[in-house]
Amino acid sequence: MDKNNRTRVMDESDVHGAVARMAREIVEFNEGTDGLVLMGIQRRGTQIAALLVSEIERTEGVSLESGFVDITLYRDDLMVVGPRPIVGESKLPSRGVDGQKVVLVDDVLHTGRTIRAALNELTDWGRPEFIHLCVLVDRGGRELPIQPDIVGQRVELLETQSVEVHVPEIDGALGVEIVTINSETI
Amino acid sequence: MASSPVPTLGKDLVGLESLSQEQILMILDTAEPFKEISERRIKKVPVLRGKTIVNLFFEASTRTRVSFEFAEKRLSADTVNISVAGSSVIKGETLVDTARNLEAMRIDMVVMRHGSSGAAKFLADRIPSNVINAGDGRHEHPTQGLLDLLTIRDHCDRVQGLKVCLVGDILHSRVARSNIYGLLKLGAEVAVCAPKTLLPSAIGDLGVKVFKRIEEAIEWADVLNVLRLQLERMEEGYVPSLREYNRIWGVTARKLELSPQDLLILHPGPMNRGVEIDSDVADGPHSVILNQVTNGVAVRMAVLYLLAGGQPGSAEAAKKEAGT
Numbered sequence: 001m002d003k004n005n006r007t008r009v010m011d012e013s014d015v016h017g018a019v020a021r022m023a024r025e026i027v028e029f030n031e032g033t034d035g036l037v038l039m040g041i042q043r044r045g046t047q048i049a050a051l052l053v054s055e056i057e058r059t060e061g062v063s064l065e066s067g068f069v070d071i072t073l074y075r076d077d078l079m080v081v082g083p084r085p086i087v088g089e090s091k092l093p094s095r096g097v098d099g100q101k102v103v104l105v106d107d108v109l110h111t112g113r114t115i116r117a118a119l120n121e122l123t124d125w126g127r128p129e130f131i132h133l134c135v136l137v138d139r140g141g142r143e144l145p146i147q148p149d150i151v152g153q154r155v156e157l158l159e160t161q162s163v164e165v166h167v168p169e170i171d172g173a174l175g176v177e178i179v180t181i182n183s184e185t186i
Numbered sequence: 001m002a003s004s005p006v007p008t009l010g011k012d013l014v015g016l017e018s019l020s021q022e023q024i025l026m027i028l029d030t031a032e033p034f035k036e037i038s039e040r041r042i043k044k045v046p047v048l049r050g051k052t053i054v055n056l057f058f059e060a061s062t063r064t065r066v067s068f069e070f071a072e073k074r075l076s077a078d079t080v081n082i083s084v085a086g087s088s089v090i091k092g093e094t095l096v097d098t099a100r101n102l103e104a105m106r107i108d109m110v111v112m113r114h115g116s117s118g119a120a121k122f123l124a125d126r127i128p129s130n131v132i133n134a135g136d137g138r139h140e141h142p143t144q145g146l147l148d149l150l151t152i153r154d155h156c157d158r159v160q161g162l163k164v165c166l167v168g169d170i171l172h173s174r175v176a177r178s179n180i181y182g183l184l185k186l187g188a189e190v191a192v193c194a195p196k197t198l199l200p201s202a203i204g205d206l207g208v209k210v211f212k213r214i215e216e217a218i219e220w221a222d223v224l225n226v227l228r229l230q231l232e233r234m235e236e237g238y239v240p241s242l243r244e245y246n247r248i249w250g251v252t253a254r255k256l257e258l259s260p261q262d263l264l265i266l267h268p269g270p271m272n273r274g275v276e277i278d279s280d281v282a283d284g285p286h287s288v289i290l291n292q293v294t295n296g297v298a299v300r301m302a303v304l305y306l307l308a309g310g311q312p313g314s315a316e317a318a319k320k321e322a323g324t
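Line order of the protein sequences matches chains S and E. Numbering follows our numbering, with no gaps: position 109 of the first sequence is 109. Numbering follows our numbering, with no gaps: position 278 of the second sequence is 278.
Among these hints, one or two may not hold up.
To be verified - No farther apart than 25 Å at their CA atoms in a straight line, the calculated lysine-lysine pairs in the DSS-like style are these:
id, chain 1, residue 1, chain 2, residue 2
1, S, LYS91, E, LYS73
2, E, LYS11, S, LYS91
3, E, LYS121, E, LYS212
4, E, LYS209, E, LYS185
Honestly, the hints are just simulated from the structure, not real lab data. This structure is a prediction, so every number in the text was calculated from the model and none was measured.
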C-alpha cells in the first residue's frame, strides 16, 4: 500500500526516553503532583498520556488522575469536510477539571487547531487552575498562536513530508516515523 | 483515521426501511459518545452552531418534541417549534407552502411529525433542507426505532440473534414498523403479538412471527416491546373493553412468570398503566423504559450530527483531515 519513504526518527526506547524526560519536566514544572491531571487528546494523545501517567506514578510513587478528550465536535472544519467524522469518547477526570493543574497531551503538534478545539472543550467542562501543553513531537507549521510547554522531540519537515506517531494500542508498535511522499509514484 | 469508507446517511432520515445495516450501526455507534455530553455540567457542544432547525409538529407530542429539542440545543443549534394543532389530514398545498415559507427564512433542517403516512418523504422530496421524520401516520418513527435498538444493545450487548416481540396495537403503530425494519436488519428474530383486529392482515410479509396468545410470546422472547394501546381507537371498536384488553393482552407480573428468563421490557410511551402494561412491570427491575428516554436524546443528537452539513463528494478531504 505504501510506496512512500519512511524514516524512523524515534524507536521504542527513544520514545520511552523522551517520555521519562517529559514526565520529569511535568513534575518539575508543577512543583509536584498535587492537583495534577493529565488529559490525552484522542486517540494517540491518550496513549502518550497513559505512558506519562505510568512513568510519573512509578517515579513519584503516587496515583495520578487522568482523562481524555475527543475534539471531533469542536473541530472548526466540521461543516466543510465530507462524511461526518467518527465521534470518539471523552472522559473527564473523576474530580472534574475545576481548579486542577491540567496537562494536555497530544502525539503531534502541527497547526495548533486540535489544541484550540481541546482548550474549548476543557474550558466548557470547568475552570482549571492552568492548562499546560505537552507533545511528543512538534513538527512546526502553526496556524494559531499556540506553543507547547513540554516537547519530546522537534522535527523539521519538508513540504512533502509528514510525521506519524505509532502506539501499540492502535498501530501495533511504539515509534515515530517521518513519511516522505514519493512524488514519482503520484 | 479510518481507512474503510465511512457510510453516510444522505440528506434525510425518513425511515429505517431504506437504511442499510451499516448505516443503522453507524447511528448507534455515533450515539454512544453523545450519551456522555448529557452527563456534563455544561451540556453543550458547538457542533451545530449557526444551524437553524424547525420542529414542525402537526400532531401532539411531548416526549419526542422535547427530546429533539434537547438534542438540538445540546448541539448548539438554534431551534423554532411550530405546532399545528388539529391538522390531521395531509393537505398537499398547505404542507408545501409551509415548507416553502420556512425555506424562505433560510432554515437548515426540519424535524416533522405528521398524521399522514408518507408526509416526511413528501416534504423531503420538495425542500433542500434535511428532513427528519419524527413520526408520520402509521408509517415510521425512525428515531424511536433507533433508540429502542440502542437500549436493547445496551442491555443485551447485542441485537443479532435476540428474540424480540412487539406486543399490542401493531396496526396503528409507526413505532412497530420502525422496530421491525431495524431489528430485522440487525439480525434479530422478530415477532408480533396482538388481537387480530389490531394486526395488519399482511404482517407476515415483513418477515415476522405472529403469536396469537401473549403467554406464548412471553415464553419465546428475550425482549418485549409493549406498544401503547391508542385509547382513541377504542371508540372505533378494535377492542371490546380496556379491562378485557388488560386481562388477555396486558403485560402483567403474573404472565411474566411464564418466561424462563428475565425479560427486558420496553415501552415507547406514553404508558396506559393497567391497560397494556401493569405498574409492577413498568416500574420493575427489568424495565428499561426510562433508559429509552435517556437514549432518545443521544440517538437524536447522533442523527442531527450525521445529517447536518457536510458536502457529499469531499470524502477525501474528511479522510485527510481526520489524520491531523
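Comparing the hints with the structure gives:
1. A threshold of 25 Å between alpha carbons decides the hint, and for LYS91 of chain S with LYS73 of chain E the separation of about 21 Å falls inside it, so the pair holds.
2. Of the pairs offered as hints, the one joining LYS11 of chain E and LYS91 of chain S is violated, with about 31 Å between alpha carbons and a cut-off of 25 Å exceeded.
3. For the suggested pair LYS121 of chain E and LYS212 of chain E, the alpha carbons sit about 34 Å apart, so the restraint of at most 25 Å is broken.
4. The suggested pairing of LYS209 of chain E with LYS185 of chain E holds, with an alpha-carbon distance near 15 Å, which does not exceed 25 Å.
Figure legend: structure checked against the earlier numbered hints; hints not met, in rising order: 2, 3.
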